[in-house]
Amino acid sequence: MNLVFAGTPEFAASALKAVLASGHRVSLVLTRPDRPAGRGMALRPSPVKEMATAAGIEVFQPRTLKDPAAQERIRVERAEAMIVAAYGLILPRAVLDIPPLGCLNIHASLLPRWRGAAPIQRAILAGDAESGVSIMQMDAGLDTGPVLRSERLPIAAGETAGSLHDKLAELGARLVVEALADLPGTPAPQPDDGVTYAAKVDKAEAALDWRLPAAQLERRVRAFNPYPGAVTALNGTPIKIWRACVWAGDGAPGTVVSVRPSGVTVACGEGALLLVELQKAGGRRLSAAQFLSGHPVRPGAVFAEV
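Letter 170 of the sequence shown, counting from 1, is numbered 170 in our numbering, and no numbers are missing.
Source of the hints: derived by calculation from the structure; they are not laboratory data.
Misleading hints may appear alongside valid ones.
[What the hints assert, rightly or not] Here are the simulated DSS-like cross-link-like pairs (lysine-lysine), alpha carbons at most 27 angstroms apart as the crow flies:
| no. | residue 1 | residue 2 |
| --- | --- | --- |
| 1 | Lys66 | Lys280 |
| 2 | Lys167 | Lys200 |
| 3 | Lys167 | Lys66 |
| 4 | Lys167 | Lys203 |
| 5 | Lys280 | Lys200 |
| 6 | Lys17 | Lys167 |
Predicted, not measured: the structure shown is a model, and the values here were computed from it.
Please model the entire structure based on the sequences and the hints provided.
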């Protein structure tokens, strides 16, 4: 099958690799324009662009798909279908109508739950017991199209957004290859019940509010690992919390209850949180024991919201 592929981050690169390995021909890859990154802020290609370039596939990086010239660039490929995975641009109706077998989106949730930009983080924040991947036939709505194929995946205890992302990327790569083999398939309309929206993650959400219950804060630590990283402050210095677990303890929210090599116990609005892996601004991620050896913390100290 001749395909066009649209995607940008690692999640999409996993799918592109699987599609190429399955024997399909990808004649054109769409990805977001290169962005500045790193301390030098040099322009850096997306993971999808790097993979496409290595495979000798032409890369197209429009800033919008509303431009008729961009739409024509896709149309001339005469692709039978288009695969979309975490692309980052809206596909207007004119683009959705180009491939005769439609545009297939790899979405990291069990639709209609968590339509939108950040389904992985929202599932963890909500305390969901499971996630999954849906292969959806795209329409003009926000992740509203009928589903061709889906599969559930349990969210393990201690699962971070990073670890769940990797599992779902692997699952999505397999499912999209299966969906391609079954086209045109029989897509099932999404039910009207159970619709939720996964808003884009705002950095401000990563600030830990110690008045919240420990269980909720623990989920925030996992949901914002690796991006943007849950953050708090001690003596005015920002500290990122990378691993934590619910612990016994009480006291004024934000107050250090106890300190031991295994972690720093901080009182919350309900229960306490044991901080297991921390990072001072400009430093490295450290275990609690390593962190405490260079940055002593004493009972009674108070962590504050940034």
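Structure-based check of all given hints:
With a C-alpha separation of about 44 angstroms, the suggested pair Lys66 and Lys280 falls outside the 27 angstroms cut-off, and the hint is violated. A hinted pair counts as satisfied when its Cα atoms are at most 27 angstroms apart, and Lys167 with Lys200 qualifies at roughly 20 angstroms. For the suggested pair Lys167 and Lys66, the alpha carbons sit about 33 angstroms apart, so the restraint of at most 27 angstroms is broken. With a C-alpha separation of about 24 angstroms, the suggested pairing of Lys167 with Lys203 holds against the 27 angstroms cut-off.
Using a Cα cut-off of 27 angstroms, the hinted pair Lys280 and Lys200 holds, with the two alpha carbons roughly 26 angstroms apart. Simply put, Lys17 and Lys167 have alpha-carbon atoms about 15 angstroms apart, close enough for the 27 angstroms limit, and the pair holds.
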